[in-house]
Amino acid sequence: VRSQTTRLYLATVTLLVFFVLWTAIASHPWAAPVRSAVDPRLAALAAREARLQREAAQVRRLIAERWQAYARRLRVRQRQIAAARLRHERLLAAARAATLRVAAAEAARAQAPVYAAAPSSAGAPAPRVVTLPPQVQIVHLAPVTATSSSRP
Amino acid sequence: VTVAERTLQRRAFAAMAVSIECLVAGGDPLDEAFDAVEEEFARLERVFSRFRADSELSRLNDAGFARCSDDMVEVVALALEARARTSGRFDPTIHDALVAAGYDRTFADVEPEARGHGRGPVPAGGLVDLDSARRTIRLAAGARLDLGGIVKGYAAERACDLLLPYGPCLVNAAGDVAVRGVPAEGVWPVRLDTPAGPLTLGLRHGGLATSGRDYRHWTRNGCERHHLIDPFTGAPSASDLLCVTAVGATCVDAEVQAKALFLAGSAEAVACANRDGISSVLVAEDGRVLRTGDLG
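One line per chain: the protein sequences are H and B, in this order.
Just so we're aligned: the first sequence equals residues 1 to 152 in my numbering.
Just so we're aligned: the second sequence equals residues 1001 to 1296 in my numbering.
Hint data in this document are derived by calculation from the structure and do not stem from the laboratory.
Ideal Cβ positions, reconstructed from N, Cα and C, are used throughout, including at glycine.
Treat the hints with care, as some may be off.
Unchecked claim - For each label pair, taking beta carbons as the anchor points, the in silico distance ranges come out as:
#: 1; chain 1: H; residue 1: 97; chain 2: B; residue 2: 1249; range: 19 to 25 Å
#: 2; chain 1: B; residue 1: 1104; chain 2: H; residue 2: 76; range: 57 to 63 Å
#: 3; chain 1: H; residue 1: 47; chain 2: B; residue 2: 1084; range: 56 to 62 Å
#: 4; chain 1: H; residue 1: 73; chain 2: B; residue 2: 1138; range: 37 to 43 Å
Looking at chain H on its own, in the form it has when it is part of the complex (with noise of 0.2 Å):
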């Protein structure tokens, strides 16, 4: 009797030492210690979101200070494009009339023969020559002469 008291003194004994045991190594006591609330990760993570708000920031503001600068200019410049248009406007219409006051002058003169007499005598005035712009029509005369793509 008093060895079987002693097994099973001793039975409970290695039982209880046994769910010690575990209870001991299921808590990982060579685990590295619990780490702070913050993790630096995320702390450098939000300085770097906090930074690039900053700059994005800044930049808006310059994007902005530059469209305003922009659209001054361009007011500016809208201005002097409607000066320059009503000037030429002007002028065109001024050399229009001038035009129209040539071509009656022109038509005037095509009533008269044109052809040239002798080569300029001496003391006579040296002919000008004068660009006109090109002016061509289709006619109904006898050719002079002809044109084509070059020919020997």
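Since the structure of chain H is already known, use the hints to place chain B on it.
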């Protein structure tokens, strides 16, 4: 018979490998003036011919740099201005492309059909540095000039300057027509043959020129070649036009316009000419005759 035909004095001669015709509406003998015109054409040919080894142009092309005559400076300036104005469609640096296409001698000597010595295209656009004050021209490495595109017009203009003191005059250098003064009819009537029949263009001021591949063409290795080089490809243009007659403020201007319109092709040429107010007659290879500007 018109008044002009009764009173016109006329001389025809050959120069620059083409026929030249001079007309003056005056009654007095003009032999001296016509002689001066012939001499002027001969002189300009000696300056600008790319087929003469001793010409000023050939020496410039060989050396790449030269102090040049007034004529050379003026014509190169005109050519560079035309290159800028036409956004490169007219280009004086097509010399090597012409040679590569087989046009390496006077047209009369170009073999109409040959095999085995064709070369690939040579794109143009080389730098040409013109110093008008010092009268010097420097060509970029590999760049050589061909001024044949405007020299006949330039010569016709110079000839008109010589004839003008004798009366209203017209000089026709193988289709490139310059006029000075106005005859009694009010215009100089110039015939242009088209597939739709002849047209008579009444030119009052300016110049008139025709460029086309209807005559100057040949074949190399079975491919048709012609002398109107597209500077961007360095090969004969694939334009759908056969020839273009254009009117300009001067004969040189007309030559430039005619070549630029030719290279543009019919659709773009009509749009450009109408937009820019260029009077022209375009003959397409399918026989269509298109007219623009005052001739439209």
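Quiz prompt | Numbers of unmet hints, in rising order | solution = Hints that this structure does not satisfy do not exist here, as all of them hold.
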